[in-house]
Amino acid sequence: NAGVTQTPKFRVLKTGQSMTLLCAQDMNHEYMYWYRQDPGMGLRLIHYSVGEGTTAKGEVPDGYNVSRLKKQNFLLGLESAAPSQTSVYFCASTQGLAGTYEQYFGPGTRLTVT
Amino acid sequence: AQSVTQPDIHITVSEGASLELRCNYSYGATPYLFWYVQSPGQGLQLLLKYFSGDTLVQGIKGFEAEFKRSQSSFNLRKPSVHWSDAAEYFCAVGAGGGTYKYIFGTGTRLKVLA
Chain P
1 NAGVTQTPKF RVLKTGQSMT LLCAQDMNHE YMYWYRQDPG MGLRLIHYSV
51 GEGTTAKGEV PDGYNVSRLK KQNFLLGLES AAPSQTSVYF CASTQGLAGT
101 YEQYFGPGTR LTVT
Chain V
1 AQSVTQPDIH ITVSEGASLE LRCNYSYGAT PYLFWYVQSP GQGLQLLLKY
51 FSGDTLVQGI KGFEAEFKRS QSSFNLRKPS VHWSDAAEYF CAVGAGGGTY
101 KYIFGTGTRL KVLA
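Line by line, the protein sequences give chains P and V. For the first sequence, the residue numbers in our numbering are 1 to 114. For the second sequence, the residue numbers in our numbering are 1 to 114.
Okay, chain P solo, but in the shape it has when bound (with noise of 0.2 angstroms):
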């Protein structure tokens, strides 16, 4: 049992580049979310999905798609990369039951966009 997983842990691009992170969770949780973390600013939420199939715009999602065709799997695309897309990115899923709001994180990608 993994947890969730994020590919890859470290990456370089140049502005205006595209990439896709992946994010791959083995618990069949429902809900997955992607987050970056920035210095002081805690973790602001991206995009997010409550299900296979579906997606939905978190507090920054300017710049960023995301794709969620198979449960397991949470993917971030960014099209064209620009410098303040340079972060830490955490993806992160929850089974979603009533009662329980528990979030099980990944162990993050860090992207620097020069």
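Hints in this document: simulated from the structure, not taken from any laboratory. Where is the CB? At the ideal position from N, CA and C, for every residue including glycine. Please note that the accuracy of each hint is not assured.
Residues from chain V that face chain P, not an exhaustive set, calculated with beta carbons under 10 angstroms [claimed, not checked]: (1) Thr12; (2) Val13; (3) Phe34; (4) Gln38; (5) Gln42; (6) Gln45; (7) Lys49; (8) Trp83; (9) Phe90; (10) Ala95; (11) Thr99; (12) Tyr100; (13) Lys101; (14) Tyr102; (15) Ile103.
Pairwise CB distance ranges, derived in the manner of DEER restraints [claimed, not checked]: (16) V:Ala29 to P:Pro8: 47 to 53 angstroms; (17) P:Asp62 to V:Lys111: 30 to 36 angstroms; (18) V:Ser80 to P:Ser18: 46 to 52 angstroms.
Here chain V is said to cover these stretches of chain P; the calculated rule only asks that three of the stretch's residues, wherever they fall, bring their Cβ under 8 angstroms from a Cβ of chain V [what the hints assert, rightly or not]: (19) 11 to 18; (20) 66 to 75.
Starting from the structure of chain P, add chain V where the hints point.
For chain V alone, kept in the frame of chain P given last:
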């Protein structure tokens, strides 16, 4: 609007001293509250959570937190800090609405002096 405030950006304590990290929230209904810890270069690990019932909750690593509705607070405490507790601590509130989203505070970085 829903929000979480962690008023202390940095806290330094001596090993063996007691610790209290503050968290205040703004939320219309009964909140679901969480404390997470993040060690350098790592993901977030759940320390404890409050959903209902006893307002003093126990977590892992000897941490506890007390929910005070009248003060809209959920402060984290530990009676005797260990050097390994040095990390960043995040308070979060479950934002409800069936999406199981969180709102995070900006974090408190704890330094432990030997």
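- request: Using the Cβ atoms, figure out if alanine 29 of chain V sits within 47 to 53 angstroms of proline 8 of chain P.
  value: Violated, at about 39 angstroms.
task: For the hint on lysine 101 of chain V, just tell me whether its beta-carbon gets within less than 10 angstroms of chain P.
output: Status holds, d = 6 angstroms.
message: Using a Cβ cutoff of 8 angstroms, are there at least 3 residues of the region 11 to 18 of chain P near chain V, or does the coverage claim fail?
response: Per the Cβ count (0), the hint is violated.
query: Hint check: is the beta carbon of alanine 95 of chain V less than 10 angstroms from a beta carbon of chain P?
result: 9 angstroms, holds
field: Interface hint compliance - lysine 49 of chain V to chain P, C-beta minimum distance less than 10 angstroms
entry: 6 angstroms, holds
- prompt: Taking the least C-beta to C-beta distance, is tyrosine 100 of chain V closer than 10 angstroms to chain P?
  reply: Hint on tyrosine 100 of chain V: holds, closest Cβ of chain P at ~5 angstroms, below 10 angstroms.
- prompt: Holds or violated: is the Cβ of tryptophan 83 of chain V closer than 10 angstroms to a Cβ in chain P?
  reply: 23 angstroms, violated
Restraint check, 10 angstroms cut-off on beta carbons, for tyrosine 102 of chain V near chain P: Interface hint status for tyrosine 102 of chain V: holds (6 angstroms vs cutoff 10 angstroms).
message: Checking hints one by one. Is glutamine 45 of chain V an interface residue toward chain P, by the C-beta closer than 10 angstroms rule?
response: This hint holds: glutamine 45 of chain V lies near chain P, its Cβ roughly 8 angstroms from the closest one there, short of 10 angstroms.
- request: With chain P as the partner, please determine if threonine 12 of chain V meets the hint condition of a C-beta pair closer than 10 angstroms.
  value: Violated: closest Cβ of chain P sits about 17 angstroms from threonine 12 of chain V, beyond 10 angstroms.
message: Let's test the interface hint: is any C-beta of chain P closer than 10 angstroms to that of glutamine 42 of chain V?
response: 7 angstroms, holds
- prompt: Is the hint on glutamine 38 of chain V kept, meaning its closest Cβ partner in chain P is under 10 angstroms away?
  reply: At 9 angstroms from the nearest chain P Cβ, glutamine 38 of chain V passes the 10 angstroms test, so the hint holds.
Violation of the numbered hints given earlier is confined to hints 1, 2, 8, 16, 19, 20; the remaining hints are satisfied by the structure.
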